[in-house]
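Student: Chain by chain, the residues run as shown.
Number of protein chains: 2
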Amino acid sequence: MAVRVDLNISLDGFATTTDQTPEEPMGQDWGRLVAPYVATRTFRARVLHETDGAGTTGVDDKYAAAYFEGIGAEIMGAGMFGLHNFPDDPDWRGWWGEEPPFGVPVFVLTHVSRPTLQMAGGTSFEFLSAEPADVLARAQAVAQGKDVRVGGGVTTARQFLKAGLVDQLHVGITPILLGQGIRLWDDLRGLEADYSVTSEAAESGVLHLTYRR
Amino acid sequence: MAVRVDLNISLDGFATTTDQTPEEPMGQDWGRLVAPYVATRTFRARVLHETDGAGTTGVDDKYAAAYFEGIGAEIMGAGMFGLHNFPDDPDWRGWWGEEPPFGVPVFVLTHVSRPTLQMAGGTSFEFLSAEPADVLARAQAVAQGKDVRVGGGVTTARQFLKAGLVDQLHVGITPILLGQGIRLWDDLRGLEADYSVTSEAAESGVLHLTYRR
Ligand SMILES: NC(=O)c1ccc[n+]([C@@H]2O[C@H](COP(=O)([O-])OP(=O)(O)OC[C@H]3O[C@@H](n4cnc5c(N)ncnc54)[C@H](OP(=O)(O)O)[C@@H]3O)[C@@H](O)[C@H]2O)c1
Ligand SMILES: NC(=O)c1ccc[n+]([C@@H]2O[C@H](COP(=O)([O-])OP(=O)(O)OC[C@H]3O[C@@H](n4cnc5c(N)ncnc54)[C@H](OP(=O)(O)O)[C@@H]3O)[C@@H](O)[C@H]2O)c1
Chain A
1216 MAVRVDLNIS
1226 LDGFATTTDQ
1236 TPEEPMGQDW
1246 GRLVAPYVAT
1256 RTFRARVLHE
1266 TDGAGTTGVD
1276 DKYAAAYFEG
1286 IGAEIMGAGM
1296 FGLHNFPDDP
1306 DWRGWWGEEP
1316 PFGVPVFVLT
1326 HVSRPTLQMA
1336 GGTSFEFLSA
1346 EPADVLARAQ
1356 AVAQGKDVRV
1366 GGGVTTARQF
1376 LKAGLVDQLH
1386 VGITPILLGQ
1396 GIRLWDDLRG
1406 LEADYSVTSE
1416 AAESGVLHLT
1426 YRR
Chain B
1216 MAVRVDLNIS
1226 LDGFATTTDQ
1236 TPEEPMGQDW
1246 GRLVAPYVAT
1256 RTFRARVLHE
1266 TDGAGTTGVD
1276 DKYAAAYFEG
1286 IGAEIMGAGM
1296 FGLHNFPDDP
1306 DWRGWWGEEP
1316 PFGVPVFVLT
1326 HVSRPTLQMA
1336 GGTSFEFLSA
1346 EPADVLARAQ
1356 AVAQGKDVRV
1366 GGGVTTARQF
1376 LKAGLVDQLH
1386 VGITPILLGQ
1396 GIRLWDDLRG
1406 LEADYSVTSE
1416 AAESGVLHLT
1426 YRR
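Listed in order, the protein sequences are those of chains A and B. Convert by adding 1215 to the 1-based position in the first sequence; the result is the number in our numbering. Convert by adding 1215 to the 1-based position in the second sequence; the result is the number in our numbering.
Since the hints were made in silico from the structure, they are not lab data. One thing to keep in mind: the hints can contain errors.
Treat identical chains as interchangeable: a pair holds within one or across any two.
Lysine to any residue pairs mimicking SDA-like chemistry, simulated, CA-CA at most 20 Å apart [stated by the list, open to error]:
#1 K1277 <-> E1415
#2 K1277 <-> P1237
#3 K1377 <-> A1408
#4 K1277 <-> V1253
#5 K1377 <-> G1394
#6 K1377 <-> L1222
#7 K1361 <-> A1281
#8 K1361 <-> P1237
#9 K1277 <-> L1403
#10 K1361 <-> D1349
#11 K1377 <-> D1401
#12 K1277 <-> R1308
#13 K1361 <-> L1403
#14 K1377 <-> W1307
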């Protein structure tokens, strides 16, 4: 029943990118930040629904596969779900198409009330406003003894980290310098005191760091 | 004749610590930041002049040994030399005792003029005020074809990085969160474009990242 956070960050600690434009809604930096993760066989199969078995199979893929293992419920913020990008679209159903990769109940933290969405493949999106500890209790209640992931975005992840609710934090550090965005590490001085650490370098240059309680 | 920078930084990118007090002039954080480096056999032999061969011999030691190899001259800032700590002491001769580990001519950037110091073991400290490119030319002129290190502090290292003068940047990232100090990565967005990257994880948890031109 661990609470897990996994994020991709830049070498300078940014977990969001800032170069989005109307023409390029994702921007270029996001692609550079997550490129090693998106290149993995696990991401291509699990998120892109590719069936040809293509993709990298090294250290990055090991972490990508672990990402999806043993999760019984997910928590995310309104930003990650896309509500801040499409605030006026009542039909917005998230970035992940009709069969999202989660396959479990997802709790979306937002101050706006929206009806629950039932998606294909076991994913549901329930929208709620609650304290971190309370939404966590609700997620654990439906997680069937499995782990709960706090998926992001960075504001939500930091909220759970600061509240001391996270048992395992994994970051994949992509060796690029973004220079701007939201920093994961701000205001978390001394966090390491509650955890042991594991470090591993991937063939891609990504540095994988895991804090475990 | 490469120009090299090697620094220890925290996971949140800080290369200086801020908890110094009159009673504890180094503070506690500095010790935590450099602990894996100070524990290496190379540091203990080369900097502490220990002769018992004690110290770690893994990945951290490999980088510690490489740190001292092939350097023909060194450049550092007034802060690293200690002039900001002891501005009024004309007899200050640096942190490293009478036989500093450099063993080569060291150029100390400062706006204060001081006579050159001759130390034991081949180290000299010459104090000068100059543009990065100019002090580099002077260092290269005495380096006998070897590499020049820009040793620090972080202000000086960033000055050389921003001027595009650095061929190889190695950081040992200690997995602790300091939360304050001077950030190495500020204002270096896109630096990676000029370099290829190598990543390696040490047994200690330190992540070693090297940008090479
Ligand atoms: N690097 C990664 O691995 C990673 C992973 C996921 C996402 N991301 C990035 O993260 C960004 C989105 O993150 P973000 O920090 O902007 O937003 P976010 O954390 O996804 O969402 C924050 C928003 O969620 C709502 N919220 C949060 N806590 C709440 C609570 N306790 N009760 C009620 N509502 C609450 C609030 O929205 P309202 O008040 O508007 O309802 C708040 O503004 C995107 O840029 C995405 O690309 C990065
Ligand atoms: N993390 C690491 O691996 C590492 C390594 C070394 C040092 N450090 C840390 O770095 C800190 C010191 O760094 P810092 O950034 O404060 O200072 P610094 O870079 O050592 O020195 C900066 C100072 O050098 C002088 N200076 C720099 N460029 C100059 C130029 N072109 N011409 C003339 N003078 C110039 C100026 O001093 P004046 O105008 O006062 O003369 C300037 O304030 C210490 O906290 C130390 O612990 C960390």
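Student: Could you run down the list of hints and mark each one as holding or not?
Tutor: Hint check results:
For the homomeric pair K1277 and E1415, the shortest alpha-carbon distances inside one copy (11 Å) and between copies (17 Å) are both at most 20 Å. In this homomeric assembly, K1277 and P1237 never come within 20 Å of each other (Cα to Cα): the closest approach is 35 Å inside a single copy and 48 Å across copies. Within a single copy, K1377 and A1408 get their C-alpha atoms as close as 13 Å, which meets the 20 Å cut-off; across copies the closest is 34 Å, which misses it. With identical chains, the CA atoms of K1277 and V1253 are at most 20 Å apart within one copy only, with a shortest distance of 13 Å there and 32 Å across copies.
Only between protomers do K1377 and G1394 lie at most 20 Å apart by alpha-carbon distance; the minimum there is 13 Å, versus 23 Å within a single protomer. When the C-alpha separation of K1377 and L1222 is checked against a cutoff of 20 Å, the pair qualifies only within one copy, where the shortest distance is 16 Å, while the shortest distance between copies is 29 Å. With identical chains, the CA atoms of K1361 and A1281 are at most 20 Å apart within one copy only, with a shortest distance of 13 Å there and 46 Å across copies. In this assembly of identical chains, the alpha carbons of K1361 and P1237 never lie at most 20 Å apart, being 39 Å within a copy and 51 Å across copies at closest.
Taking the shortest alpha-carbon separations for K1277 and L1403, neither the intra-copy value of 27 Å nor the inter-copy value of 31 Å comes in at or below 20 Å. In this homomeric assembly, K1361 and D1349 come within 20 Å of each other (Cα to Cα) only inside a single copy, at 17 Å, whereas the closest approach across copies is 61 Å. Within a single copy, K1377 and D1401 get their C-alpha atoms as close as 10 Å, which meets the 20 Å cut-off; across copies the closest is 24 Å, which misses it. In the homo-oligomer, the alpha carbons of K1277 and R1308 never lie at most 20 Å apart, since the shortest distance is 29 Å inside one protomer and 51 Å across protomers.
For the homomeric pair K1361 and L1403, neither the shortest alpha-carbon distance inside one copy (27 Å) nor that between copies (41 Å) is at most 20 Å. Within a single copy, K1377 and W1307 get their C-alpha atoms no closer than 30 Å, and across copies no closer than 43 Å, so neither meets the 20 Å cut-off.
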